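A.B. asks: Chain residues, written in single-letter form:
2 protein chains.
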Amino acid sequence: MKYCSECAHPVALLVPDGDNRPRYVCAQCDTIHYQNPKLVVGSIPVWEQADQFKVLLCKRAIEPRHGYWTLPAGFMENAETTAEAAVRETEEEAGANIEIGNLFSLLNVAQVHQVHLFYLARLRDLSFAPGIESLDVRLFAEHEIPWEELAFPTIRKTLELFFADRVKIREEGGGYRFHSHDIVRPMRIESDPH
Amino acid sequence: MKYCSECAHPVALLVPDGDNRPRYVCAQCDTIHYQNPKLVVGSIPVWEQADQFKVLLCKRAIEPRHGYWTLPAGFMENAETTAEAAVRETEEEAGANIEIGNLFSLLNVAQVHQVHLFYLARLRDLSFAPGIESLDVRLFAEHEIPWEELAFPTIRKTLELFFADRVKIREEGGGYRFHSHDIVRPMRIESDPH
Chain G
109 MKYCSECAHP VALLVPDGDN RPRYVCAQCD TIHYQNPKLV VGSIPVWEQA DQFKVLLCKR
169 AIEPRHGYWT LPAGFMENAE TTAEAAVRET EEEAGANIEI GNLFSLLNVA QVHQVHLFYL
229 ARLRDLSFAP GIESLDVRLF AEHEIPWEEL AFPTIRKTLE LFFADRVKIR EEGGGYRFHS
289 HDIVRPMRIE SDPH
Chain X
109 MKYCSECAHP VALLVPDGDN RPRYVCAQCD TIHYQNPKLV VGSIPVWEQA DQFKVLLCKR
169 AIEPRHGYWT LPAGFMENAE TTAEAAVRET EEEAGANIEI GNLFSLLNVA QVHQVHLFYL
229 ARLRDLSFAP GIESLDVRLF AEHEIPWEEL AFPTIRKTLE LFFADRVKIR EEGGGYRFHS
289 HDIVRPMRIE SDPH
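Residue numbers (our numbering), protein chains in the order written: chain G, 109 to 302; chain X, 109 to 302.
Treat the hints as calculated values from the structure; they're not laboratory data. All of these numbers come straight from a predicted model, not from anything done at the bench. A couple of the hints might just be wrong.
No distinction is drawn between identical chains; accordingly, a pair holds when it is met within one copy or between any pair of copies.
Claimed, not checked - No farther apart than 27 Å at their CA atoms in a straight line, the calculated lysine-lysine pairs in the DSSO-like style are these:
1. LYS265 / LYS146
2. LYS162 / LYS146
3. LYS110 / LYS265
4. LYS167 / LYS110
5. LYS276 / LYS265
6. LYS162 / LYS110
7. LYS146 / LYS110
8. LYS162 / LYS276
Pulled out of the complex, with its shape left as it was, chain G reads as follows (with noise of 0.2 Å):
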C-alpha cells in the first residue's frame, strides 16, 4: 500500500495512538488502512454410491500451484455466509452441484493471512465440470488420491483427517468430527505433477 485510498495522499507505515502494531496511516485524511487475514473456503464433494466412495478434485488452471490438484476452494466474499462460499466455489471451480454439510476443518494459515475452512458435501449428481479456473474435475478412490501432486497443505491436512475419520466411522460408529490445525511452514511438494 502506497497511496490513502480514500484521499491519493502518501501512507506511512507507523503504529498509531492507542494501537501496538504499524499499520498504513494517511497523514492528510487520518484513515487508518488495517489489513486482517483472508477466509478461504472449500467443501470436500463425495460421491457415495454402493461400494464406491469418491471424492472431486479439481486440477488448477492457475498460478499458484498451476497443474496440482485441489478440493475446490477460494477467497470468500462479501455478503456472503461461509456455507454460501463453499458451494459457489464448488459451482465454479467444478461446475458441481452439492448439498452441503457440517464444518469439517479449519486450518489456519498465519504467514500467507488466511484461514482456510473446508465443508463436508454430496454431490447431487455427476454433471461436474472444469470451471475456467481449472484443467480438469475428476473423482478420486481413496488409493487413488494424488498425494504428491496436491496444491497446498491445507488440502493434504484436510483430505488426511477426512479419510482419518472415514476409518473411525467404519470401526466405531458415529459421524464425520470438526477439526481445527494449524499450518505451521507451507509443506514443500518436490515431486513435479508432469
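Once you have looked at the hints, place chain X on chain G.
C.D. replies: Chain X in isolation, oriented as in the chain G frame:
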C-alpha cells in the same frame, strides 16, 4: 474506496474480465482491489470453582454498542492464528490470562461482511482488569447474564448455545460441541442499558 492504493489514480467500480462481481479497478496500473469478509475472534472465559461457574464479560468503552456487554473479541490480525487472536483479544480487552480450548462457535454475519469465531477458555486466575476498550470486566453466573444489554447478536447466540450445551453435558455427559449459525438479520436490542 476512491483512489488506487498502488498508484493514486481514481478507481472505477466495474466487473473485471473473467469475473462476475463489481470490483474497484485501477485503469492506470490495472490493480484489482478485492474486498473480503473479516474475521472477528474471541473467547468464552470461564471461572469454575466448587459450585461456582461464571463467564467473563466486558462492558464496551467504544462504539458501536458503547456501554453494552460482550465476550472479549476483536478483529483477527495478520500473521496470527485464530486461537492466538482469541488469547490476544482476551488479554487486551479484559486483562485476562486464559487457557484456550476448542473452537465453540462460528457465526456468519453476512450483512456486515464478518465471520465471528468463539473459543472455549478457562481463566487461569482472577487478575483481570478492563483494557482501554472496556469500561468494566465482570464474572457472571448464568442467571446474572445481562441478556438485554448484550452488544451483538453473535454474543447472545454464543452464550445461548454455550449454556444449552452445559445443560446437555450435565444430563447426558460428553463435552461441548462445535456450533455454526447464520445471523440472518441483526437482532435489535430495544432496551437501553442505563
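A.B. asks: Look at each hint and say if it fits the structure.
C.D. replies: Hint-by-hint comparison with the structure:
no.: 1; hint: LYS265 / LYS146; result: both (19 Å within a copy, 24 Å between copies)
no.: 2; hint: LYS162 / LYS146; result: neither (29 Å within a copy, 33 Å between copies)
no.: 3; hint: LYS110 / LYS265; result: neither (37 Å within a copy, 40 Å between copies)
no.: 4; hint: LYS167 / LYS110; result: neither (35 Å within a copy, 37 Å between copies)
no.: 5; hint: LYS276 / LYS265; result: within (17 Å within a copy, 32 Å between copies)
no.: 6; hint: LYS162 / LYS110; result: neither (47 Å within a copy, 47 Å between copies)
no.: 7; hint: LYS146 / LYS110; result: both (20 Å within a copy, 22 Å between copies)
no.: 8; hint: LYS162 / LYS276; result: within (17 Å within a copy, 36 Å between copies)
Violated hints for the displayed structure, listed by number in ascending order: 2, 3, 4 and 6.
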